[in-house]
Amino acid sequence: MDLNRWCSSTTNPYCLLFQALSLIPIWHYLLFVSFVFLSFFYRFLELHFLQDLFSLFSGSSVTLTYHHGSQFYDAVVSKCRILHGTYLATPWLSSPHLQTVFLNFFGRPPLFKYRRQLFTTPDGGTVALDWLLSSDVSAGAIHMEDVVSTDESTPIVVVIPGLTSDSSSAYLKHLAYHTAKCGWKVVVSNHRGLGGVSITSDCFYNAGWTEDVRTVVNYLHKENPRAPLFVVGTSIGANILIKYLGEDGENIPVAGAVAVCSPWDLLIGDRFITRRRVQKFYDKALAIGLQGYAKLHQPHFSRLANWEGIEKSISIRDFDDHATRIVGKYETVDTYYRRCSSSIYVQSVSIPLLCISALDDPVCTREAIPWDECRANKNIVLATVKHGGHLAFFEGITASGLWWVRAVNEFLGELRASHFMHVQKKIAKPTIPLDSSIDQGPYVNVKEDGMVAALNKEPKTDNVEEIQVIQDTHSDGLNMIPEEKVVKQDELETNSKTGGSPCIAQVASAQDAAVNVITPFKRYLGQLSRQNRWSIWLLVYIAITTSWPLVGSALYIVFGKKIRDILPNGLVGR
Numbered sequence: 001m002d003l004n005r006w007c008s009s010t011t012n013p014y015c016l017l018f019q020a021l022s023l024i025p026i027w028h029y030l031l032f033v034s035f036v037f038l039s040f041f042y043r044f045l046e047l048h049f050l051q052d053l054f055s056l057f058s059g060s061s062v063t064l065t066y067h068h069g070s071q072f073y074d075a076v077v078s079k080c081r082i083l084h085g086t087y088l089a090t091p092w093l094s095s096p097h098l099q100t101v102f103l104n105f106f107g108r109p110p111l112f113k114y115r116r117q118l119f120t121t122p123d124g125g126t127v128a129l130d131w132l133l134s135s136d137v138s139a140g141a142i143h144m145e146d147v148v149s150t151d152e153s154t155p156i157v158v159v160i161p162g163l164t165s166d167s168s169s170a171y172l173k174h175l176a177y178h179t180a181k182c183g184w185k186v187v188v189s190n191h192r193g194l195g196g197v198s199i200t201s202d203c204f205y206n207a208g209w210t211e212d213v214r215t216v217v218n219y220l221h222k223e224n225p226r227a228p229l230f231v232v233g234t235s236i237g238a239n240i241l242i243k244y245l246g247e248d249g250e251n252i253p254v255a256g257a258v259a260v261c262s263p264w265d266l267l268i269g270d271r272f273i274t275r276r277r278v279q280k281f282y283d284k285a286l287a288i289g290l291q292g293y294a295k296l297h298q299p300h301f302s303r304l305a306n307w308e309g310i311e312k313s314i315s316i317r318d319f320d321d322h323a324t325r326i327v328g329k330y331e332t333v334d335t336y337y338r339r340c341s342s343s344i345y346v347q348s349v350s351i352p353l354l355c356i357s358a359l360d361d362p363v364c365t366r367e368a369i370p371w372d373e374c375r376a377n378k379n380i381v382l383a384t385v386k387h388g389g390h391l392a393f394f395e396g397i398t399a400s401g402l403w404w405v406r407a408v409n410e411f412l413g414e415l416r417a418s419h420f421m422h423v424q425k426k427i428a429k430p431t432i433p434l435d436s437s438i439d440q441g442p443y444v445n446v447k448e449d450g451m452v453a454a455l456n457k458e459p460k461t462d463n464v465e466e467i468q469v470i471q472d473t474h475s476d477g478l479n480m481i482p483e484e485k486v487v488k489q490d491e492l493e494t495n496s497k498t499g500g501s502p503c504i505a506q507v508a509s510a511q512d513a514a515v516n517v518i519t520p521f522k523r524y525l526g527q528l529s530r531q532n533r534w535s536i537w538l539l540v541y542i543a544i545t546t547s548w549p550l551v552g553s554a555l556y557i558v559f560g561k562k563i564r565d566i567l568p569n570g571l572v573g574r
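Per UniProt numbering, the very first residue in the sequence shown carries number 1; after that it's consecutive.
Honestly, the hints are just simulated from the structure, not real lab data. Don't be surprised by glycine CBs; every beta carbon is placed ideally from N, CA and C. Keep in mind that the hints are not guaranteed to be accurate.
Ranges of calculated distance between the beta carbons of each label pair, as one might list FRET restraints [unchecked claim]: (1) Arg275 with Ser22: 40 to 48 Å; (2) Ser55 with Ser201: 51 to 59 Å; (3) Cys182 with Thr65: 20 to 28 Å; (4) Ser350 with Val33: 29 to 37 Å.
Straight-line alpha carbon distances no greater than 30 Å define the calculated DSBU-like cross-link-like pairs of lysine-lysine that follow [said to hold, decoys possible]: (5) Lys425 with Lys222; (6) Lys173 with Lys79; (7) Lys222 with Lys173; (8) Lys113 with Lys79; (9) Lys79 with Lys181; (10) Lys378 with Lys222; (11) Lys329 with Lys284; (12) Lys329 with Lys386.
Please work from the sequences and hints to get the whole structure.
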C-alpha cells in the first residue's frame, strides 16, 4: 500500500498537510529558501541598501561632538562644509564589510611614485620616510631627482599608517595623492620593519610606541622650522597619534592633527573583535598579517620573543601574548592594552585635533569611543558617520574616492588659514611618570646568557631652542657655559693689544650664564636638604613622644635614690 493511497484512506492531519504541500510548485520553495538566505546575508553583512533606497539616497548626516565653548570649533570646524554635510556610501558597497574588504583587495589607488628617505633613529633603528610632493602629482610631472625640495613655507603632512600597513596601502595612496594635489608636502612615516626596510635594532613598533613619531616630527621641524607640521594617523596609527599628543601636551611642534578610525580602547577592541563570527574573520586576517611581519624579521623575533607561539597564533591577542607583550616587557596582554590605549590621553591633548570614526566600523567598535572625554576637551572635535566601514568611506557610483580624505584635506586647509594653528611654546619637556620607561616603548637589552631585560632608556628631549654646552678649559673646574654666551679668546687678545681692557661686561655675562645654568641645581639640592632636615626633626619628635614612658621609668630607676636624698622626708613620704 503506497503512501498516497494510505493518506487518501485516512483522516490523519499530517497526511493531509503533506498532500497540500505537494501541490505547491517547487519554484515556490526555491523562492522561499532564497528569501531566507538573502535575509540572513543582509543581516550578516550589515547591509543598508534598503535604508538608502527608502531615503532616496540622501545619505546620513555627520554628527559632531565638541565642547560648546570651543573657539577652535567656531573658527575652523564650523567652516568645513564636508563635515556639516552628509555621507552616502557607494550603493553597491552599502555594507561596512564590503567596503573594508574592497578597500584592502582593490581600493583603486591613484598611480604615482614616492621619494624615499631612510631615517636613522637614536637607538639605531631605521624608518622609511616616503615623500610625495605637489610636483609629483601635477600633470606631466617627471621624476628628475629623488631629492625632496626645500621650500621652507610649504606645509608638511606626516602620515602614520595602520597595523601592518605601509605607504603602498590603497587608503594611504588616496590620502597622499589628494593632499599633494592641494600643494602640500606629504611624508608617510612607515613603521619599523615595514615598507621593505629591515629592522636594525631591538625596538619594534606597537600600538603605544610613540617614540618614532616623536623623533620624526622633531627632525622634520628642525629641518623645516618655517613649515607648519600636521599629522594624520589611521587606525593603530591614530591610536599612536592621540597617545603622542596626550603625552607631550603643548610641548609639541605640531600645528594640528587628524585621527581616522582610532581603536581608542584596545581592551574593549580585543573583546569586540572576538565577539561575532564576522569579527573573528578580521581577527584572523590581522593575525596572519602580523605573522607575515614577524617572518620577515624572524632572527629578531626568534631571539626576543616566543617564536613557536608566534607561528601558532590565530588571533591578534595570541600574537600580542607571544611577541608584543614579551618584547615590550608588559606583565600581561591586558596590561599592554590598558597602558597603550589612547582613550586615557584624550583629556591631555592640547592642540587642534579632528577625530573621524564610522559607527559601523567592523574592526574598531563604537563602544570604545570616549564621547564624554572628547566633549570635555576644547581642542577636540569628534566627527562620527553612521556608515563607512574601516578606513573606507567610498563614495560615488564608481567608488573612486574616499570621503574621509576629502574631509581631512578641507579641515587642514581651514586650520592652515586660521590663527588656531598650534605653536610650540614650552622648552622643557613635561615631567614623565616613573613607570613610563616601560610604557613608552619596547627598549630591551639582551645579555650574554640570553636573558631579555628592560633597558631604562628615556627618549631624548628635543627643545625648541637648543643650547649647546661646552667646557671652559681655562679654569680649574669644569664650568658649563652656553656656547652663544662664551667670550672668544681672540677678541680678548685683540682688546689687550689695542691698549683697551677686556670687555668686563662680556666676561660678567658669561659668568652670569654659568651661574644661571648651575642655579637650578643648587635650588633643587636646597629643597632636598630642607626636606631632609624637616624629616629628621619629625622623626626625633615621634621618637620622643612614643618612647617617653619607657625613658621616664628608666630615669626614675637610675636617679630615684638621689632624688629621695635631696628632697625633704615629708615631701618624699607623700
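**OP:** Sort out which numbered hints this structure fails and list those numbers smallest first.
**Re:** When the structure is compared with the hints, numbers 4, 8 and 12 turn out to be violated.
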